[in-house]
Structures are given as structure tokens and as C-alpha cells.
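Respectively, the protein sequence lines represent chains A, B and C. Residues 1 to 124 (our numbering) make up the first sequence, in order. Residues 1 to 101 (our numbering) make up the second sequence, in order. Residues 1 to 138 (our numbering) make up the third sequence, in order.
Any given hint might turn out to be false.
[Unchecked claim] Straight-line distance between alpha carbons at most 27 Å, and here's what the computed DSSO-like set of lysine-lysine pairs gives:
| hint | chain 1 | residue 1 | chain 2 | residue 2 |
| --- | --- | --- | --- | --- |
| 1 | C | K127 | A | K39 |
| 2 | C | K67 | A | K21 |
| 3 | B | K52 | C | K127 |
| 4 | A | K21 | A | K80 |
| 5 | C | K5 | C | K67 |
[What the hints assert, rightly or not] So, partial list: chain A residues that the calculated Cβ filter (under 8 Å) puts toward chain B:
| hint | residue |
| --- | --- |
| 6 | F5 |
| 7 | L16 |
| 8 | T20 |
| 9 | M104 |
Honestly, the hints are just simulated from the structure, not real lab data. This one's a predicted model, so the numbers in the text were calculated from it and none came from an experiment. Ideal Cβ positions, reconstructed from N, Cα and C, are used throughout, including at glycine.
As a plain string of letters, each chain reads:
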Amino acid sequence: MDALFNKTMNMLAGMLDYRTKRHKIIVSNITNMDATEFKPSDISFKNEFGKANTMVMTATAPGHIAGRKDTVKSIDYEIKTSEEKANIDTEMSNLAENHLMYNMSVEMLARKFKGLNTVLKETK
Amino acid sequence: MEMDHIRAIKGTQASNVALQKTQTQDTPPSGFSDALRQAVNDVNGLQQDADKAIMNVQTGNTGNLHEAIIALEKADISFRTMLQVRNKLIEAYQEIMRLQV
Amino acid sequence: MTSFKICGSGLAAQRAKMDVITSNLANVGTTRTAEGGPYKRKAVALTAEGIESHFDSTIKDALKTVKIEGVTEDPNAVKTVYDPAHPDADANGNVALPNINVVTEMADMIMASRAYEACVTAFDATKNMTLKTLEMGR
Numbered sequence: 001m002d003a004l005f006n007k008t009m010n011m012l013a014g015m016l017d018y019r020t021k022r023h024k025i026i027v028s029n030i031t032n033m034d035a036t037e038f039k040p041s042d043i044s045f046k047n048e049f050g051k052a053n054t055m056v057m058t059a060t061a062p063g064h065i066a067g068r069k070d071t072v073k074s075i076d077y078e079i080k081t082s083e084e085k086a087n088i089d090t091e092m093s094n095l096a097e098n099h100l101m102y103n104m105s106v107e108m109l110a111r112k113f114k115g116l117n118t119v120l121k122e123t124k
Numbered sequence: 001m002e003m004d005h006i007r008a009i010k011g012t013q014a015s016n017v018a019l020q021k022t023q024t025q026d027t028p029p030s031g032f033s034d035a036l037r038q039a040v041n042d043v044n045g046l047q048q049d050a051d052k053a054i055m056n057v058q059t060g061n062t063g064n065l066h067e068a069i070i071a072l073e074k075a076d077i078s079f080r081t082m083l084q085v086r087n088k089l090i091e092a093y094q095e096i097m098r099l100q101v
Numbered sequence: 001m002t003s004f005k006i007c008g009s010g011l012a013a014q015r016a017k018m019d020v021i022t023s024n025l026a027n028v029g030t031t032r033t034a035e036g037g038p039y040k041r042k043a044v045a046l047t048a049e050g051i052e053s054h055f056d057s058t059i060k061d062a063l064k065t066v067k068i069e070g071v072t073e074d075p076n077a078v079k080t081v082y083d084p085a086h087p088d089a090d091a092n093g094n095v096a097l098p099n100i101n102v103v104t105e106m107a108d109m110i111m112a113s114r115a116y117e118a119c120v121t122a123f124d125a126t127k128n129m130t131l132k133t134l135e136m137g138r
């Protein structure tokens, strides 16, 4: 059944996870901006996210083209706490960007699911 | 001549059964019944993953909402896929039974 | 859900700040208080407090709710003004008034208001993301 849900969907699920984590951190930054001695944090990937999920395609017949080797690594996150106090404009724009990217990932994943749904519905 | 064919079919069936008996969990399924069994196990696993994710979100708030939704969708789609495969199998079986011998 | 809790704490903290600022503004000329002496300018101290029970260990240390540490009084809270006509003037005609600068308080009020709006925006973003996730399967 894993063949049904290809690497793109797993990548999108991973992106959703990253965006959720980042959202929580940005919200914490905005809320604690006036607290004494508070420094804002941000989250990023340790290794490249794009390389961690690739399709595997091996050539089974002459004339076919093989795909890249499959390298599925677990995602390592890295949290950096900045040295300076929080800047409301930076945090608000990060919030907006992260929000939109999250919605975009949800929409794309929803459409992938809908595609599978269509196949199942139309099967006679 | 026909006896040879029947003996050959019997031979392959016997070797198939032997093959299935020696298979362990780790090797990929080579017989059709094994593939079916693994698919059923996969579907069951996905259903249990969905249940676990739901429990995490609802009680104790130890899970992310998007994980639960994705797990539910995967379980639903894989189950419906298996249902369709089952329908097709039954259709094919009925088709064969309808054949005039 | 954690995000909602964090936003809620931020909203409460900024509202507390507003309350203290309006109290300062209202009492800008108060010379008599229950403790004796003029009203003393107050300020809210906020600290960031960690969330112990969060399930996600990768980001747990970066998430904090804001807690109202307490209301502190300004040490330079009193200024002396020469005004013999004032009912509370002492023998030399000096009155002890609260050292509250209206302009400073108004600036603080605008900042608290902006911070409150920022928390509201964060709350709306969280709600929108959650609702969008729920309709993923539809």
C-alpha cells in the first residue's frame, strides 16, 4: 500500500510538520516580545529537505531511463536562538509567510488525495 | 499430451506452495496470496495508525492535527483500494465461473 | 492547541499592561492615596515561561508562554512642584505629584495596543491553518 502514497505526498506531510513547528515558534516569539531578556528563535533543516525524498525508478527494459537513487533520510531540525531582541516586523512577516506556505502545502496534499479519490470513484 | 500439461500445472502449483512455506516476513511476496496477505496487513496497519493518531490528538493533546488527518485519509484510501481490488477479483471469478466448459 | 494557549497568554499580558497604563493616566494628578503620599507610577514586568508538558521535543525549548511577573512601582515616582495654592502643599508650597509623563504613557499604550493586535493576528492565523487542515479530506 505504500506504493499508493508516493514520495511527493510524504514530502508534503513532512513540510506540514515543519510549518506547524515553525508556526508555534513564531507565535511564541510574537507573544513574548515584551518579556524581559527574551530572545526569538527560528527553526530550519539541518540537511537539505529536497534531497531527502526522491522517487526511485529503476530501468527494467532497455530504452527506459532510470531515476535517481532513493535516499530517504529522517528530517533533522535545528533551532537557532538569535542574540538580539525580537523585532515585531520580522516576526509578523514570518508569520504571514509561514501561514501562506502551510495553506499551500495543505491544498496541494488535499488535491493529491482528491486525485486518488477520483480514481477510486470512477472505477467501474 | 493433455496429461503432460496437467502434470506440469500440478508441478508448478506444488513448487508455489513450497515457495510460500519457506518465505519469511522480510522477503518480498512472490505468490499472489502472499501479496494479498501483505496488502491486508498494510491496510490494517494504516487503520491502526489512524486510530493512534486520533487518540494522540484528542486525549492528552500529544499529537499534531495534520498527522491525524493525513493518517485518516491514508487509511480511508487504502481501504477503498482494497475494496475495489476485492470487487474486481470477485468479478473475475464470476466471469470465469460463467465460462462454458 | 499549544499555539492557542500561547496566544491567549500574550493577549492577557498585553491587556494587563493596558490596564496599568490607563491607571497611570487616570491618576496623573493624584496626591492622596490610601498608603499616604501621591500615587506612584506602576509598570508590569513580564517574563517568558517555558512549557513543560509539550509533546514535541524538538521545539519544546523554544516555546514559551508569557507570564505577568508582577506590578512594580517606579523608584523615581515622585516629582516635587512648587504650587502654594494646591490643597496638599506643604509649608514651603511644594506639592509631591506623581512623576507620570502623559506622552510616555500614551506611547506605551500604542505599543501595547500594537502588540495586542499582533497576538490577535497570530491567533487568527492559527485558527485559519487548523480549519484548512480539517477540510483537507473533503
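Check your understanding: Of the numbered hints stated previously, which ones are contradicted by the structure, given in increasing order?
Key -> Number 9 - this is the single hint that the structure violates.
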